[in-house]
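Visitor: Spelled out from the first residue to the last, the chains are:
2 protein chains.
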Amino acid sequence: MSAEQNPIDFWFDFSSPYGYLMSERIDELAARYGRKARWHPILLGVIFQATGSQPPVADPDSAKARYISKDFHRSARFMGLPYNPPSRFPLPTQNAARAYYWLHGEDCGKARAFAHAVYRAMFVANRDISSPDTVLDLAAAVGADREQLTAALATPELKERLKKECDAALAAGVFGSPHIIIDGEAFFGADRLPQIERWLATGGF
Amino acid sequence: MSAEQNPIDFWFDFSSPYGYLMSERIDELAARYGRKARWHPILLGVIFQATGSQPPVADPDSAKARYISKDFHRSARFMGLPYNPPSRFPLPTQNAARAYYWLHGEDCGKARAFAHAVYRAMFVANRDISSPDTVLDLAAAVGADREQLTAALATPELKERLKKECDAALAAGVFGSPHIIIDGEAFFGADRLPQIERWLATGGF
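Each protein sequence line maps, in turn, to chains G and S. Residue 105 in numbering that gives the first Met the number 0 sits at position 106 of the first sequence; the count goes up by one each step and never skips. Residue 8 in numbering that gives the first Met the number 0 sits at position 9 of the second sequence; the count goes up by one each step and never skips.
In short, the hints are calculated from the structure, not lab data. Some hints here could point you the wrong way.
Same chains, same names: a pair is fine if it fits in one copy or spans any two.
Said to hold, decoys possible - In silico DSS-like cross-links for lysine-lysine, where the CA-CA straight-line distance does not exceed 30 Å:
(1) K69 to K162
(2) K69 to K109
(3) K158 to K69
(4) K69 to K163
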């Protein structure tokens, strides 16, 4: 398989602001270099517990947390993307992630549209994406069968699928969100987009 | 005082790889917009203890530490800067920081040349910048009087000066290195250079 055929892996949590920023750019960037991105929603709680990493905003009263909160806004403005700070943050995202994988089994295009809808619901429209009803509404809006998805979300198979994705993320060295892997090279954070672009353009530097 | 006259504040630890990357770009970038940078070497150990932050490579065996070690290299290549991983890392930097402030009292230009020499000694030439002899050698090479600096390093005044800079950093919300503050707006990390440039060019965005 040539480099052009190898997909780029995009690991993220639906509750990650920098993941949202990356989600709005990675497909277009990959396509410019003849590549496709494979999206993997995962659970940062699982990743942090397994790796001993801390979330960037562990203490909401810290100087770092105040900075990062401003940086979310400014980075979105810098990239020309809408951003409204969610009133509930962070949120559990297992329902959204499982719905993504179910949709992906049905139709990749619907899964991608759903993922964008979930991120924009959280970081633009201030909706509670942890709610099963919101997840079902967003899935139905991209054409999913609400009854079938409701049934699927209760199955052990879908829970197992998400667990396997988290295991695969850990095996790949993922410790946060967003995490991009291109031909074995890892890039952490939306601020690595310029390096990702040069990597794609030059085949490594 | 107009924005053009207000200095940009550059807070850093001499043992910070991303601080080294920033140090090679910030003066030139500031000058392009009619600004000057005021350099403040500080001690990250003091900052981490006061803020409860963790160093990025707290656990050297973690996936995050392995990633960051590769990212130091790649970010340097991306910026066109030399980088050799120091065999001793991190290092205590109070001698280098105190020597910087003493030199600054003597001659700003010598202090700046010394700061570059310390960073390049650590991240290009793999020298032990924690050693008082190395610090004195580097200072002498930019024209400092070795005897006078030796005497100054033993005085309580110089220790107090560094302590005051660390206190000022904490008061300004600094939680890591490099940390740039422009007219009250904070930018953390060498990867914020594109945002810093747009901020300088537009007066805020």
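Visitor: List, from low to high, the hint numbers that the structure doesn't satisfy.
Guide: Going through the list in order, the structure violates hints 2, 3 and respects the others.
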